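*Asks:* Sequence:
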Amino acid sequence: MEVFTLSAFETSAEAFFTTLRRRHADLVLDVRLRNTNQLCGFTKKKDLEFLVPALTGAAYRHDLQLAPSPGLLDAYRHKDIPWETYRTRYRAEMEEAGAVEHFHKEYGRFHCVCILGTATAKRRSHSEVLAELV
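Going by my numbering, the first residue of the sequence shown is number 266, and it counts up by one from there.
List of simulated lysine-lysine pairs, BS3-like, C-alpha gap at most 27 Å:
(1) Lys387 - Lys344
(2) Lys370 - Lys309
(3) Lys309 - Lys344
(4) Lys310 - Lys387
(5) Lys344 - Lys310
(6) Lys311 - Lys370
(7) Lys309 - Lys387
(8) Lys370 - Lys310
Please keep in mind that the hints were generated in silico from the structure rather than gathered at the bench.
Bear in mind the structure is a predicted one, so any value in this text is a computation, not a measurement.
Modelling step: build the complete structure from the supplied sequences, incorporating the hints.
*Replies:* What follows is the structure in structure tokens.
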């Protein structure tokens, strides 16, 4: 299985869907805690549920079991903790929750999984940590 990450932020729809097609993703796995806000633009959950299969033929799943806890995410987003602390705590949350086993049980049949996160030019995303774990 190939796994790669893609950010829902700071990207155009053209670049986003072109990347999915070019990489031959057959699953877009959305691990964002919050993905229904208008600020998400074309990457809102309801839009991706339609657009991903329609434009790429890939499946779309939103899996909150692989998202960080609200308190942890907020601490990182508000700069109360640095990246390394966030990374370590998220990893611990995932290990405690059995995330690797869950991932392989639920998504092991896919050949190329795109883990959708929220990285920006100034902020890293838990999606890259999850990709390392699985």
